[in-house]
Structures are given as C-alpha cells and as structure tokens.
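**Q** Here is what each chain is made of, one letter per residue.
There are 2 protein chains.
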Amino acid sequence: MTEVVNLTTMEVDALMDVDGGLNLTDGHARLVLTPQQSDIVAHIPEMFVEATRRPFSEIELAAHKAFFGAVGQHSAPVGTGRILSCYSSTLATDILARALPADATVAVLHPTFDNIADLLKTRGLKLVPMSEEELLAKEWPGAPVNAIVVTLPNNPTGLITSQGHLESLAEHAVRNNQIVIIDASFRGQVRDAQYDTYAVLDAAGADWVTIEDTGKLWPTHELKIGLLAYSERTKLPIEQAFSESLLAASPVVLQLITELAGDWVDGGYERARDLVERNRAVIGEFGLKLADPDSQISVARIELPVNGPDSAVLHKEMLARGVHVLPCSPFHWADPESGLRFIRISLARPFETVQKAVQTMAEAYRDLTPSS
Amino acid sequence: MTEVVNLTTMEVDALMDVDGGLNLTDGHARLVLTPQQSDIVAHIPEMFVEATRRPFSEIELAAHKAFFGAVGQHSAPVGTGRILSCYSSTLATDILARALPADATVAVLHPTFDNIADLLKTRGLKLVPMSEEELLAKEWPGAPVNAIVVTLPNNPTGLITSQGHLESLAEHAVRNNQIVIIDASFRGQVRDAQYDTYAVLDAAGADWVTIEDTGKLWPTHELKIGLLAYSERTKLPIEQAFSESLLAASPVVLQLITELAGDWVDGGYERARDLVERNRAVIGEFGLKLADPDSQISVARIELPVNGPDSAVLHKEMLARGVHVLPCSPFHWADPESGLRFIRISLARPFETVQKAVQTMAEAYRDLTPSS
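Going line by line, the protein sequences match chains A and B. Taken in order, the first sequence gives residues 7 to 378; the numbers are from the numbering used here. Taken in order, the second sequence gives residues 7 to 378; the numbers are from the numbering used here.
Accuracy of the hints is not assured; some may be wrong.
Identical copies go unnamed one by one, so any copy, or any two together, can satisfy a pair.
[To be verified] Below are the DSS-like pairs computed for lysine-lysine, each with C-alpha atoms no more than 30 Å apart in a straight line:
#1 Lys241 x Lys127
#2 Lys132 x Lys144
#3 Lys241 x Lys322
#4 Lys295 x Lys362
If you are wondering where the hints come from, they were derived from the structure by calculation, not from laboratory data. Model, not experiment: these values are computed from the prediction.
Just chain A, same shape as in the assembly:
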C-alpha cells in the first residue's frame, strides 16, 4: 500500500483509534445532540414512512428551501433543477472536478483543505495557488486560469471573503471568461459569511458553481448532504457527472435536514456558536496562541513560536500522548513548508475534550522546548 499523508488519512486514523485517544482532527460536529436536535432525530422513523408516501422531488425541494433560507442564501436557484443533492461535499467537489474541461487551469485559495486540491489534481487539472493576501488585495489571477476556487469561510484560517471582494472577483471573472467556484462548506457556522452570495454572483453576470454542506453544522453522524449548485450560464456537463456518481440523496436525510435547518433558525445557530466560542477561548487560557483570532468557524489554528518545536514534531508527540490533531502543512498544498508553524484543532467537540487536548498540547510544547 502506498503511503499517504493527506489530512483525511490522519482523520481516519483518529477515528479508528482503538486506544481511546482524543479526536480533534476533522471538522465534523462530534457532539451530543441538543434536546431540540434529539426531538428531531426521534422522528426519523416517521421520515421513513413519509419517504415512501411523498414524491422525492417534493422532499428535496423542501430541504433546499429550508437549508438555503437558514444560511441566508435567498437567491440560490431553489426549484430550478440547478441544485444537486450529493452524499457529501467531497462528492460534490469530485463531480465538479470531473465536469471541468480536462485541460483547465484552476486557481485555488492557499492554504485551504488539501482535499479540494487533491480532487482537482486527481482529475488531471492544473492548479495554481492564490494566497489569502492576494485575495485581500483583489489581485485576481488572469490567463491561463479558467476557474477560481474560493473557500468561504476559508478552512483552516476562517478568512471570510467579504461581499465587496466577491463582487470584485465576480466582475474580474466575467471580464476574463473564468468560472467562480465557491466552497461554502463552513458558511452555515458564520453569520458574516451568510450575505447572499448568489445575488452577488448573478448581479455580476458570473458563471459560477457553489458547494454547500450540511455536514459541518449538525452532529448527525454522517447523515448529511453536499449541495452542488450552478448558474444558468454554466455549460459544464455537471448533470452527466452527477449521474455517474449517484442516483439521489436519501429522502430521509433530506427530511432530517429540513427539520435541523428549522432549528438552526430557531436558536440552534446560537447554541452551536456558544459552545465553539467557549472552546476557542480555552486555547488562550493554556497560554497557546490563536493564529486567527477573528476566525469564527469550528476549527482553530494554533501558531507555534519560532524558537520551539514545529508542528510535525509536536503532532507526533501529541499522538504519543493520545491526542489527534492536524499539522497544517498539508493545508499549504502548494508550499507545505509554510504551514509548519501551525496546528489545527476542531472545536465542535464537548468542552472537556477540547480542554484536555489543549492542556496536553501546552504540556507537550513545554516539554519539547529547551528551557531558556
């Protein structure tokens, strides 16, 4: 078996840890259900019955309406047939990667979750990095770039491409005949990222594709949907790629999402935020430094001082102490060295889990640093 070093492999290792190690790797919500969520889950057996009685298209439409409404995307093409429900956002990304022209050059935000770059590369596309600094300076890539991928908010930094910046990007893309691709998998967690991006993209007349995800919002044990939406202008063979990958998402999961989106609007968002912010504060309490103090997403980067161990060393030491986290080099898919001072931890975990993990990290860091 070829050795693999992508982030998901480390997340799989953490998940399969049989020695009871703490798993703070993946961005999935690994939490006990809130009472409100428990009430919804209790109705799943009825959703099975409903899935036999009601037409699939009706169930799917209700889920799209509820989800896009709950995350502020009121101009999303709900009901047009241009939103495809996939098993996951990863599958949605792969479907898009397959539908892009085989000789396309794609600019991808850097750093960002390595899976996006990996899926595009595996399909044979050429990638060029676009840094967060370039994004903030509105220095958009020109030829030969055919498509520009922005993660909104970005993972792992939490950077939010503002409405003004998205307008600038969309106008640039129209002038240069480029496709704007937005991976909004973490959008549901952050109100500031919930301005109506579909309205912005359509106002500019852009050719766009977006990926949305329910998987980062709710502790539903992989019962989730990745949504792949595209503009009226889009000429890519997305439907054909979709039909190669799946027939349809589960109408039971779609009903679950309709209900959870309703709860999200009704206090669920605030309940989830409170836990994440409480968990983020723990990092400072143990003397560790948040790399992105303004980030609002459910993962956080910790920045390691230059005079101590780097993240590769610290990551290994933490594994030995039974705590799984992610070293950040793989996020820097075009320049792994530049990620060496960062560690990512997931905050969508019970408070005690985050507390114990951060304490372990602070201790491991201290033990590895020569006393001055």
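Mind docking chain B on chain A? Use the hints.
**A** Just chain B now, kept in the frame of chain A:
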C-alpha cells in the same frame, strides 16, 4: 448542458417525475417496510446515541460481521482493515477505478450495468468486453488485459458465475498476473450466488477486489453502504483513493445494517424473495416473455419479438403512458445495438405497481405492432 443517455439519468428522470408516473427503473428496493424492518427502523434514534458512545471501529466491525455472514461470505477479510465502508457501491467502484494503474486495460462483463464501464472509462482506463458466452465457456481474456470485472450475479441478466467458473477465472488470473474484480451488488438477493467467493479467490492465490452492496436489499431510502474489500496481495493505492473520497460511512447506517442483516438471516431473505418471484410471474401472465427465466434477482429483462417495435420505441411509448422502465441498449456498453430487443423492469416494487406497469407494457406493445 450536454445530453446524457446513461441509465442513471433515466432513473433520475423517473424519480423526479412530478406527474405521478410509475417508476420501475432502478434496482433499489422501493417497498413499504416489513413489520420486522419497521421495528428496526424504530430504533434509529437509539442508534444515534450509540454512535456517540461506542467507538466507530467497533460499530463498523459489527456491521461487517453481520453483513458478510448473512450473505455467506465467511472468508471475507472482516477485521483485517481490508474492507472499506463507502457511501455506496458506485463510490466504491469509483475509488477502485482511481486506484487502478492509469494505463490498465480492463475486461468487463458484457452486457452489464453501464455505470461500471462509465466509471472506469472516465478514469481513463481502456476497456474490452467479455461476453457471458465467453464466461460460460471459460474463455478468459489474456494480455494486454490487467484486470477482469465480473458482476455476480450479473445485472440485468441474473447470470451467476458458478464456483467452478470462478475457480477457473481465478487460476487464469494468477497465471496471467491479472486482478479479479467482482461486483457482487446483487449477491444478497440470491442464495446460489452466496457460495464463499473469498475462499475460492484466496485458495487460487488471486489478487482480488470485491464490491458488495446493501443498497439492493432493503428499502432504506439510500441509507446504505457499499463495501470495498481487497486481498492481502493487492498493491493498488486503494486506501489513498478512499481517503480522497470520504472520511467514513455513517455509524448510524452501519448499525442499521447490522440489524437488517440479522433480520435477513431470520426470514427477511425469504420474505423479499417471495415478493420478487410473485412480481416476476406477472410478466408471463400478461403474455410478455422473460429473457432470463432462470434469473433470481430483483430486476427482469423482457425480450421483445423481432417483428414488433424495438425497446427504444416501446420505451418512449411507455413514458407517454406514465411508466418508467429501462431500455437495455446502455447495458450493452460496447455494442448498444445488441440490447435493442430488451427492456428491464424492477421487481422490488409493490405488487400493484409491477402489475400495472406490465399491463401497460403489454398494451403498448400490442398497439405498436401492426396486426398480422
């Protein structure tokens, strides 16, 4: 949007039909739950709680044990780490397609479900057809073929590769340094296909990969697992391809499968068989001809006489009459013409649905045939 003509596209159209048309396209079980299955589904809320409490690896292992045991595969590599749980058998196939060497030539059974050939071709592999006649005559392909794909039982014909034939294939493959790939998605439905294929493959010393599926057995509305298993000899980077596609299947779905596999052993198999066989008999009752009278799977091919309309014409007429079925040309992925006399209908539907659809087909056929 490029026009698409694969089978899944027709299945999607049937699923999205808002005029209440009858859907006999896909091989998924679209049935009301049996009382026993309802009892299991009623416990899903508890499976959510369990998924938080028990380690994932334990939940997954229990599902693998229960499923492989229920379908007679006692030598499957349960507990070795060489069984990967995917969202679907399609995703398992795509992961395998990605892991095969980019320049491989693959022999694929012909006819068979077009998605298998499509996924391999999309990943750039070269395909050659292997007919059912060649399989039955043990005329196995030699160089330059690197891998041989057999669907067991075959879809849509129901042909079962016997133990003796699989032994012959495995020995041939070992001599010729080829990988044996078995898509056993329909195996759970047919006792005759449940001889221990893992024992056969390992006894021959073969390099093998298998795909198993829970999605064709139970009416669980796409809450299913596709299983990708491989031999100790297999050197393909399957784990890497897996980690590009998903982190893990749902521990809730895995628990559901454990329970449904238990019911399958405890009378569920016979209950499902009885319905399918009753539905298959309907075809003859309306004067239509079963192409594969020995087939035991939950889909059936109807053979159209040569002096009447072909399946493309009949398919169109049936759509006009509100019945969705599949014309068989796309199954004949290397020679669509040879599928023109066949229509496939799904039998895993309520009896009344199959009865009405077959009646409509008989009438449509009569109306399209010039009176002699």
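**Q** All hints, please: hold or fail.
**A** Tested hints:
1. Lys241 x Lys127: both (21 Å within a copy, 22 Å between copies)
2. Lys132 x Lys144: The answer is within: 22 Å in one copy meets 30 Å, while 44 Å across copies does not.
3. Lys241 x Lys322: between (46 Å within a copy, 27 Å between copies)
4. Lys295 x Lys362: So Lys295 and Lys362 pass the 30 Å test inside one copy only (16 Å; across, 68 Å).
Comparing the model with each numbered hint stated earlier shows that all of them hold.
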